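Using the hints, position chain B with the ligands against chain A.
One-letter residues, chain by chain:
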Amino acid sequence: MAALRIDAKNLHYTPLNQQIRKAVCDGVKEIVIDNVLGQRFIADGLRGDDVTITVNGVPGGDLAMFMSGPTVIVHGNADHAPGNTMNQGKVIIFGSTGDATAHSMRGGRVYVRDSIGYRGGIHMKQYKEKRPILVVGGSARAFLGEYMAGGLLIVLGLNGQVPVAERGVGSGIHGGEIYVRGEVEAKYLGVGSKQLPATAEQMEMIRPIIEDFAKSFGLDPAPLLKEKYSRIAAASARPFANKYTPE
Amino acid sequence: MSIGSVPLRFKVEIDPERCMKCGRCVENCSYGVFRKESDNIVVANSRACVACHRCLAFCPRDAIDIYEKPTDYRTHPVWTREVREAVFNQAKTGRIIVAGMGNVLPYPSIFDRLVLDACQVTNPSIDPLREPMELRTYIGKKPAALSVKEKPNGDAELLTKLAPNLKLETPIMIGHMSYGAISLNAQTALAKAVTKMGTFLGTGEGGLHESLYPYQDHMIVQVASGRFGVDINYLERGAAIEIKIGQGAKPGIGGHLPGEKVCADVSCTRMIPEGSDAISPAPHHDIYSIEDLKQLVHSLKEATEWKKPVFVKIAAVHNSAAIAAGIARSGADAVVIDGFRGGTGAAPRVFRDHVGIPVEAAVASVDAKLRKQGVRNEVSIIASGGIRQSADIAKIICLGADAVYIGTSALVAMGCRVCGTCNRGTCAWGIATQRPELTKRLDPETNAVQVANLIHAWTDEIAELMGAAGINSIESLRGNRDRLRGYMLDEGLLNVLDVKTVGA
Ligand code: SF4
Ligand code: SF4
Numbered sequence: 001m002a003a004l005r006i007d008a009k010n011l012h013y014t015p016l017n018q019q020i021r022k023a024v025c026d027g028v029k030e031i032v033i034d035n036v037l038g039q040r041f042i043a044d045g046l047r048g049d050d051v052t053i054t055v056n057g058v059p060g061g062d063l064a065m066f067m068s069g070p071t072v073i074v075h076g077n078a079d080h081a082p083g084n085t086m087n088q089g090k091v092i093i094f095g096s097t098g099d100a101t102a103h104s105m106r107g108g109r110v111y112v113r114d115s116i117g118y119r120g121g122i123h124m125k126q127y128k129e130k131r132p133i134l135v136v137g138g139s140a141r142a143f144l145g146e147y148m149a150g151g152l153l154i155v156l157g158l159n160g161q162v163p164v165a166e167r168g169v170g171s172g173i174h175g176g177e178i179y180v181r182g183e184v185e186a187k188y189l190g191v192g193s194k195q196l197p198a199t200a201e202q203m204e205m206i207r208p209i210i211e212d213f214a215k216s217f218g219l220d221p222a223p224l225l226k227e228k229y230s231r232i233a234a235a236s237a238r239p240f241a242n243k244y245t246p247e
Numbered sequence: 001m002s003i004g005s006v007p008l009r010f011k012v013e014i015d016p017e018r019c020m021k022c023g024r025c026v027e028n029c030s031y032g033v034f035r036k037e038s039d040n041i042v043v044a045n046s047r048a049c050v051a052c053h054r055c056l057a058f059c060p061r062d063a064i065d066i067y068e069k070p071t072d073y074r075t076h077p078v079w080t081r082e083v084r085e086a087v088f089n090q091a092k093t094g095r096i097i098v099a100g101m102g103n104v105l106p107y108p109s110i111f112d113r114l115v116l117d118a119c120q121v122t123n124p125s126i127d128p129l130r131e132p133m134e135l136r137t138y139i140g141k142k143p144a145a146l147s148v149k150e151k152p153n154g155d156a157e158l159l160t161k162l163a164p165n166l167k168l169e170t171p172i173m174i175g176h177m178s179y180g181a182i183s184l185n186a187q188t189a190l191a192k193a194v195t196k197m198g199t200f201l202g203t204g205e206g207g208l209h210e211s212l213y214p215y216q217d218h219m220i221v222q223v224a225s226g227r228f229g230v231d232i233n234y235l236e237r238g239a240a241i242e243i244k245i246g247q248g249a250k251p252g253i254g255g256h257l258p259g260e261k262v263c264a265d266v267s268c269t270r271m272i273p274e275g276s277d278a279i280s281p282a283p284h285h286d287i288y289s290i291e292d293l294k295q296l297v298h299s300l301k302e303a304t305e306w307k308k309p310v311f312v313k314i315a316a317v318h319n320s321a322a323i324a325a326g327i328a329r330s331g332a333d334a335v336v337i338d339g340f341r342g343g344t345g346a347a348p349r350v351f352r353d354h355v356g357i358p359v360e361a362a363v364a365s366v367d368a369k370l371r372k373q374g375v376r377n378e379v380s381i382i383a384s385g386g387i388r389q390s391a392d393i394a395k396i397i398c399l400g401a402d403a404v405y406i407g408t409s410a411l412v413a414m415g416c417r418v419c420g421t422c423n424r425g426t427c428a429w430g431i432a433t434q435r436p437e438l439t440k441r442l443d444p445e446t447n448a449v450q451v452a453n454l455i456h457a458w459t460d461e462i463a464e465l466m467g468a469a470g471i472n473s474i475e476s477l478r479g480n481r482d483r484l485r486g487y488m489l490d491e492g493l494l495n496v497l498d499v500k501t502v503g504a
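Top line first, the protein sequences correspond to chains A and B.
By the numbering used here, the letter at position 159 of the first sequence is numbered 159, and the numbering carries on one by one without gaps.
By the numbering used here, the letter at position 201 of the second sequence is numbered 201, and the numbering carries on one by one without gaps.
Looking at chain A on its own, in the form it has when it is part of the complex:
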C-alpha cells in the first residue's frame, strides 16, 4: 500500500491522530506527516509493529506515549517526554528533546541525535523480554536515570560535549544501567548510584546498540566504539531496605 501523506498544518492533534489510527487500521504501513508544529500525543497508544511514521517538523509533548510497536522518525526537535511510558517500537529524533524523555518507558527504543532535557530516562523499568533503551547522542541535563528500575540508557557526548555535568545522575536507581562516554564527575552521581569503568563484556553488549544508533543517523560508529565508557548502576539492589522499621 502506498505511503500516506498528511498535511498537519493548522490541524489539531485529535483529528491528526484519528487519521493516523484510521490509516493503520486500513493497513497503511508508511505515514508521512508534514508541517507538524507542536501537535502533542502523536502516535499516542498506537499499535502496529510494521508501521513507520515520519514526522516533518516539531511535535509537541508526549510523542509516542503508551505506543506499542510502530517506528516514529522525527525530522526536527521534540518537546516534553517523547517515549513516555512507551511499551514497544522505536522513536528516532533528528534533533533534541525536552524534559522527561523516555519517562517510565517500559520497552522499545528512543534515539535522540542531539541532546535531552532534565529527568531523561527517569523511572525506566524492564520486565522479561521488555527492556527499554534510550540512546542520546549529545548530552543530558540533571536527574538523568533517576529512580531507574530497569532498562538501558546511553549518553554518547558527541561533538565534544560532556555527557552529563549536572547533579542527580541515577539517584534512587534500583535496576537497569546507564552508560556514558568517558565518565560522570563523582560529585554529580545521585544517592544510591555507583560508577565503574565498563568492562569488555559490557562494551560488547552495548556495541550493537551504538552501531544501530549510528546507522540511524548516518554516523560512523567506529570512533564511538574506540572510546572508554563508564557504567552507572545501583550501589545496592535494595536502596531503601534499611530506611523503615515497623510500628
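Keep in mind that the hints were calculated from the coordinates and are not lab data.
Since the structure is predicted, the reported quantities are computational estimates derived from the model, not experimental observations.
C-beta: ideal position from N, C-alpha, C; glycine also.
Hints may be right or wrong, so weigh each one.
[What the hints assert, rightly or not] Label-pair distances were calculated between CB atoms; the ranges are:
(1) A:12 with B:501: 47 to 55 Å
(2) B:456 with A:205: 52 to 60 Å
(3) B:94 with A:205: 16 to 24 Å
(4) B:492 with A:196: 56 to 64 Å
Frame of chain A; chain B with the ligands shown alone:
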C-alpha cells in the same frame, strides 16, 4: 544501658476450662502466638499478638481472651504510650516508622458532629417501599446546557455531545487497593461484589490481573507515579482511568512495595521483575504543574480515543479547593478527594497521623469553590478516606460529593479487624498478604457476597434516610447543606462546611 523491651501490647489468655484443644488457634494464627505442647495448647508468645482476632473468630469454645495494654505506664497527658514507644523504637533503629491502615490519633470526627434532617408534619416523608428512590449516579462531565432540535416527526434530537460518564447504581464505589497491597482473592471478591451491585472498583497501581478481565467493565484502572502495569491494553480495559496524585494516608509522598511482596504473579501485573522493589516516586515526573497534569489527562484520553472518563485523585490538604479548581480545568472528569483517615497498606507513621485534613472539610470547600467558579458541572466529586457507615455517605453527599469510595469498610466486610499490620504481609485473614497459605483462607465467592451485602444494606439505609428527609433522588441530596446541621462545631468550621448549627 539498653532500652529493653516495652510492655505487652496485647495479652492473650486461654481458659483451660473451656479449651477443647482442637488446635485451631495454632493453625489460624499467622503471627505465632499459640503453640501445641504435648497435648496442651499454650500461649507461647503474647508479644506477637496484633489483635487480628483470627483465633477468636475460629475458636469453637470462646476460650480465648485478648486484653489490650495489660500493663500501664504512668499516665501522662502529653507523653502518651504511643509517643514513648515510638521514641524507643527509633532510638533502637534510627529508622522511619511504618504501619498499615489509617490515622490512629483521636482527632475529633466531623462526621460525628453533623446530624441529618427529617420531615415532620409540614412536608411528608417518602416511603421508599412505596415510592421509587433514585440512587443512580453518573460520574463525569455534565454539559452546562443542552441544545436540542425538533425532528419533523416531533421527536427531539440531542445536539450536545455528551462526555462519557460512569453509571453507578449506588453512590458507593470501592476505592483503589492494589494487587500487591492486597491479595488476588481479596481483589476478586471485591470485583465480583461491585459487578453484582452495578458499581465500580479501583485497581490501585498494581496493574490488572488477567483473572479480573471478566470484571473489567466495573474496574477503574489507576495510573500512578510508578506507572506500574500501565500499557495501552490496561488503559483500554478499564471503565475509567484514574491518575493518582496523592493518597490521604500519606499525602505528598510516594509508595514503596518491598521486594518480598513482589511474587511471580504480582511481578507480572506490575510488569517488574520478581523480588524487585516497586518504588513510586513522590511526584509523577512528567507532572510538575497543572499544565503538565492537563497534558497527562489529555494523553490518556487521546490514547483511549476519548472513550473513558479520567479521574484525578488527590489527598485532602489545606489547599484542596484551589487544586481541585485547577483539576477541573485540566479536562479531568472527576476529582477524588482522599481524606486523612484513609487506609493504606503501609505508610510512615508521621504522615499517616499528622499530614492532611478530614475529607468532610475538603469536600465541602472543593464543592463550594467549584460552584463559585461555575465549573461544578465539569467534574464529579468522589469522596474517600474515612467513610465508615451509610450516615457518613449521606452527610458527605450533602456536603457536595457525588459518590464515595470505600476501602477499609469493604475489607472489614471480608473479616479484616483493622489490626493495622497490613505492612507486615502476614494478614491472618488472607487480605493484606501474598502468602499462598494465607490468601487461600479467603474465598472470593463468600466474601463477594458479604461485600455486596454491605453495599446493599448501606444503599437501603441511604434510601431510608433520603425518604425520611422527603427526598426521592440523590441529586436533590447532593450539596444540600440545608438538610445538615452542625452539632458542637465551631463557627470557623461551620463556615467552611457551610452548614448551620443545630437549632438554627
Ligand atoms: S481454638 Fe479455642 S478451643 Fe481450640 S485449641 Fe485454641 S483456644 Fe482451645
Ligand atoms: S487487612 Fe489484615 S493485616 Fe490489615 S488491618 Fe485488616 S486484618 Fe489487619
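Results of checking the hints against the structure:
no., hint, result
1, A:12 with B:501: 47 to 55 Å, "holds (52 Å)"
2, B:456 with A:205: 52 to 60 Å, "holds (58 Å)"
3, B:94 with A:205: 16 to 24 Å, "violated (39 Å)"
4, B:492 with A:196: 56 to 64 Å, "holds (59 Å)"
In terms of the numbered hints stated before, the structure departs from hint 3 and from no other.
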